[in-house]
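Colleague: Protein sequence lines correspond, in order, to chains A and B. The letter at position 296 of the first sequence is residue 296 when you use UniProt numbering, and the numbering goes up by one with no holes. The letter at position 217 of the second sequence is residue 217 when you use UniProt numbering, and the numbering goes up by one with no holes.
Simulated from the structure, these hints should not be mistaken for laboratory data. The beta-carbon is built from N, C-alpha and C at its ideal position, and this holds for glycine as well. Treat the hints loosely; a few may be bogus.
[Stated by the list, open to error] Computed beta-carbon distance windows for the label pairs:
1. A:Ala168 - B:Ala117: 49 to 57 Å
2. B:Ala88 - A:Val165: 40 to 48 Å
3. A:Glu47 - B:Pro226: 49 to 57 Å
4. B:Asp56 - A:Glu299: 53 to 61 Å
5. B:Ser212 - A:Gly157: 42 to 50 Å
6. B:Glu103 - A:Glu47: 42 to 50 Å
7. A:Asp197 - B:Glu52: 37 to 45 Å
8. B:Gln58 - A:Asp76: 31 to 39 Å
[Claimed, not checked] Quick partial rundown of chain A residues pointing at chain B, CB under 10 Å, derived from the structure:
9. Tyr21
10. Asp120
11. Gln131
12. Arg266
13. Ala286
14. Arg288
15. Val298
[Unchecked claim] Sample of chain A residues lacking proximity to chain B, with all beta carbon distances greater than 10 Å (derived):
16. Gly20
17. Arg133
18. Thr260
19. Ile271
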Amino acid sequence: MITILETAPLNTIQDLGRPGYRNLGVGSSGVMDPLALKVGNILLGNEPGAACIELQTYPFIIRFETPTSFAVTGIDAPLTLDGVPVLAWSVETAAPGQVLQVGIPKKGARGYVCVSGGIDVPVVLGSRSTQLRGSFGGIEGRFLEAGDELVTQPATGHLSGYGAVPPARILDTGPCEEKTVLLRAIPGTDYARFTEDSRERFWNHPWRITPQSNRVGYRLSGAPLTLHDRVELRSYGIIPGIVQVPPAGEPIVQLADANTAGGYPRIATVIEADLWRLGQARIGTAIRFVECSHEAGVEAEQPISHYLDDLRLMVAHYRASCQSRNGVKSGGKA
Amino acid sequence: MTADTLLTPDRHHATNAPVISMMGTRAMLFEAPGEFTMRQQQRIWALIAHTENRPDIQELVPGVTNLLLIFTHAPEHPEQIADWLRNAWETLPPRQIEGRLFEVGVQYGGALGDDLAAVSAHTSLPPEEVIRLHHEGEYTVCAVGSAPGFGYLHGLNPRIATPRKSVPSLNMPAGTVTIGGMQAGISALTGPNGWNSIGYTEICLFDPHRSSPSLFAIGDRIRFYPESIEL
Numbered sequence: 001m002i003t004i005l006e007t008a009p010l011n012t013i014q015d016l017g018r019p020g021y022r023n024l025g026v027g028s029s030g031v032m033d034p035l036a037l038k039v040g041n042i043l044l045g046n047e048p049g050a051a052c053i054e055l056q057t058y059p060f061i062i063r064f065e066t067p068t069s070f071a072v073t074g075i076d077a078p079l080t081l082d083g084v085p086v087l088a089w090s091v092e093t094a095a096p097g098q099v100l101q102v103g104i105p106k107k108g109a110r111g112y113v114c115v116s117g118g119i120d121v122p123v124v125l126g127s128r129s130t131q132l133r134g135s136f137g138g139i140e141g142r143f144l145e146a147g148d149e150l151v152t153q154p155a156t157g158h159l160s161g162y163g164a165v166p167p168a169r170i171l172d173t174g175p176c177e178e179k180t181v182l183l184r185a186i187p188g189t190d191y192a193r194f195t196e197d198s199r200e201r202f203w204n205h206p207w208r209i210t211p212q213s214n215r216v217g218y219r220l221s222g223a224p225l226t227l228h229d230r231v232e233l234r235s236y237g238i239i240p241g242i243v244q245v246p247p248a249g250e251p252i253v254q255l256a257d258a259n260t261a262g263g264y265p266r267i268a269t270v271i272e273a274d275l276w277r278l279g280q281a282r283i284g285t286a287i288r289f290v291e292c293s294h295e296a297g298v299e300a301e302q303p304i305s306h307y308l309d310d311l312r313l314m315v316a317h318y319r320a321s322c323q324s325r326n327g328v329k330s331g332g333k334a
Numbered sequence: 001m002t003a004d005t006l007l008t009p010d011r012h013h014a015t016n017a018p019v020i021s022m023m024g025t026r027a028m029l030f031e032a033p034g035e036f037t038m039r040q041q042q043r044i045w046a047l048i049a050h051t052e053n054r055p056d057i058q059e060l061v062p063g064v065t066n067l068l069l070i071f072t073h074a075p076e077h078p079e080q081i082a083d084w085l086r087n088a089w090e091t092l093p094p095r096q097i098e099g100r101l102f103e104v105g106v107q108y109g110g111a112l113g114d115d116l117a118a119v120s121a122h123t124s125l126p127p128e129e130v131i132r133l134h135h136e137g138e139y140t141v142c143a144v145g146s147a148p149g150f151g152y153l154h155g156l157n158p159r160i161a162t163p164r165k166s167v168p169s170l171n172m173p174a175g176t177v178t179i180g181g182m183q184a185g186i187s188a189l190t191g192p193n194g195w196n197s198i199g200y201t202e203i204c205l206f207d208p209h210r211s212s213p214s215l216f217a218i219g220d221r222i223r224f225y226p227e228s229i230e231l
């Protein structure tokens, strides 16, 4: 069990999301950086869909009431266990009573506190993710508060001292623009309705993430985009990553907590393989959209799959060798 | 050339053809041509029944005369699926759904329906007439979406259609009976809302712990009746 000692607002329980209920108006929710959660769950030998604590505001302080193996992924932040520094993206095992403190990240926006076995809150409509709008999932559908107690699985051994190379270091092999996050996007349904000048600017000029940005979506600022003709669209289903342009002309990228339907013109959709980069982009960050074909968007999944496959293999080897060294009988699940 | 341009017929020349476009790599939007009529919506419902058993479908999200298909994996040849959909659209008969009938009691006007005056002013009808035209009609749930349990309703009398407000209400309660342009609705969640409030009902549209979490399903019919009127 974990007790939350101190938390800033906006931190929630999330897993990989709640697909399958959009036709009832229930959006997917789930972590903003699914890659970071997958890494945490692989490191701890969890099911891929095990739930974690998603941090958006800091500092965050918890006390482990039972022996617990954990890993903090997604961010590069000062982490201490009873005052002693520990590494992000690495597995540690806390003894009962030990206190984990997560400070303000030097890199990244959203941190993931993953624990062995996952955070156990009731599954609602197939997921443990917090659905803030619907007020269900997670802890009563709300943000975490000091004093909340979270059920976890007690650690079975003392695992520590191994970790993952952060995905950004492996996956960012292409040319990198200083401080600008590049996002590959596929032109959307209404792309041709925008003026040539607007289309050109959409790709070639950077957009800034405004403070009116959260898990629902990011509002971007830049020179407004204009349509050839004003258009009234009928409500249509949407997914995270879709870039819509309201009448004022500044785009909105819909994200994990987006509604299931929208009505604004659609200029493009950020590919799924790049959504984690957006989840880690802070308010004020400049982003630039890079035009991408369907084929290239599909191929972009490959390096991510390879990275996770390699990690899975290494972790399985390491955990097996730890267990044999510690005299644990083999044959159990790694 | 992108998948988008491969799939989308030139909309300036093919006004009778559906528009099919990709939304990212793993979702495809099918939009029916023509007006928002029950017949076009029933053809979308037919497409849902025809599509839902495809093994590559993760979710189907009906909208207003459109359908979003979310695939389990990004399709390698989306144009083949688009052709399959176009063919289904041309050949399937409209699907009638004998939905349930809900009789919904409304407290018209008052503090929870305080845009009634604005609707009355916009339509040049006395508020009593706005209320009468609102509860005389029968509405059909075309799609459920946007917020958990919210039904997009067809059937509003055009005489009381009123554009959305330019400044949304910040905290409209769940259960508010609303008019937004040509659409009628009942707000599902408390929160910001740009539709015009004309009354209030106590029904609960969504409960995640019910066996059917959403009260309304596509094809259901709704009749409103006045429980009280406060002008």
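Colleague: Please go over all the hints and tell whether each is borne out by the structure.
Modeller: Hint check:
| no. | hint | in the structure |
| --- | --- | --- |
| 1 | A:Ala168 - B:Ala117: 49 to 57 Å | holds, 56 Å |
| 2 | B:Ala88 - A:Val165: 40 to 48 Å | holds, 47 Å |
| 3 | A:Glu47 - B:Pro226: 49 to 57 Å | holds, 53 Å |
| 4 | B:Asp56 - A:Glu299: 53 to 61 Å | violated, 19 Å |
| 5 | B:Ser212 - A:Gly157: 42 to 50 Å | holds, 44 Å |
| 6 | B:Glu103 - A:Glu47: 42 to 50 Å | holds, 46 Å |
| 7 | A:Asp197 - B:Glu52: 37 to 45 Å | holds, 42 Å |
| 8 | B:Gln58 - A:Asp76: 31 to 39 Å | holds, 34 Å |
| 9 | Tyr21 | holds, 8 Å |
| 10 | Asp120 | violated, 18 Å |
| 11 | Gln131 | holds, 8 Å |
| 12 | Arg266 | holds, 7 Å |
| 13 | Ala286 | violated, 22 Å |
| 14 | Arg288 | violated, 18 Å |
| 15 | Val298 | holds, 5 Å |
| 16 | Gly20 | violated, 6 Å |
| 17 | Arg133 | violated, 6 Å |
| 18 | Thr260 | violated, 5 Å |
| 19 | Ile271 | violated, 6 Å |
Hints 4, 10, 13, 14, 16, 17, 18, 19, counting from the list given before, are not met by this structure.
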